[in-house]
Amino acid sequence: MRLRKQQKALKTRGVEMLRRGLKSLDELDEAEEKECREAEVKGTLLHSPSTAVSEGAAPDQDLFVALSPGFFDRLGVDGETPPKQNQYPDDRVGTHSATMPVPPPPGALTAAFRTLCMRCVRRKAKVGAGEPAHDCVWSASSSKCNHCVGQKANCVPMAWFLADEYQAIVDAETSTNPDPAAAKAAAAEAVRVANLTAANMPKFRSPAEASAYMESMALRNAVEDGLRRVRQAVTAVGRDTAALLEGQGSLLEGLESSLKGVGKSVVAAVDKVSVAVAAGPRGQKRKRGEEDGDEAAEGTFSAPIG
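The working numbering applies: residue 764 is where the sequence shown begins, and numbers increase by one.
If you're looking for bench data, these hints aren't it; they were derived computationally from the structure.
One or more hints might be untrue.
[To be verified] In silico DSS-like pairs for lysine-lysine, Cα to Cα no more than 30 Å straight-line:
(1) K797 x K889
(2) K915 x K889
(3) K889 x K947
(4) K915 x K947
(5) K966 x K797
(6) K1035 x K1023
(7) K966 x K915
Make the full structure from the sequences, and use the hints.
Next up, the structure:
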């Protein structure tokens, strides 16, 4: 009885301690949420035009802005700066999430960040027939291209899913016989894909959430590409194995035909031997007198000497 009472008391005490721990955790969560609300009220999410993106830095904020629904529709014909407003769909996001260091997606166009700006791509797609081609030239004294410096706007880097369109633009502009119409068509295709993707992109509450989504999509594409390469390798190995087995089968067929020929030769030789034995001369019976006469004749024969 005493042992049962002790066990019951320990069980009751453990349940009470667990309840106190959960209550303290809830209080901590409420305090943290309160601090976040106060920081969000004081914070702001607007980009400063003088903010420069350093070379090689993770373009999480600009990438998020470029992927927001209707971003390219808010730009003018020549890519003018949109009116100042909250560039994020959720007003509750504070500066603590906007400045959060988020690594770029694995498939991000790191080489294209300081090579081609999305505003310049849009400008290339709007070049008229008699107008000169638009070149995206990066300023030596700024981390932005000259077009964005003149527009007093931040450069919008190309997203990772525009890798094929970016390569098409580069190929059209760096070919031995450059065609302005082909470059314009490639830029228009890049803008179309970007607008379509931005329209179908889900709404995010923070740049961190957008970057996590982009990273997961890039990881998925990398996994699918790896599986495709594995399937191709397995198919190639299967073809080589089938060819090897086919060669071994032909060798076995040749060996089988050779063994059949040897067997036929052995059977023919055995048949010939049996026929020769059957057709050979048999010994004749001689009379007793003939045998003695032959022996006498052999005894009286003498070779002449001299």
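Hints, one by one, checked against the model:
no.: 1; hint: K797 x K889; in the structure: violated (48 Å)
no.: 2; hint: K915 x K889; in the structure: holds (20 Å)
no.: 3; hint: K889 x K947; in the structure: holds (8 Å)
no.: 4; hint: K915 x K947; in the structure: holds (24 Å)
no.: 5; hint: K966 x K797; in the structure: holds (25 Å)
no.: 6; hint: K1035 x K1023; in the structure: holds (18 Å)
no.: 7; hint: K966 x K915; in the structure: holds (27 Å)
The structure shown violates just one earlier hint, number 1.
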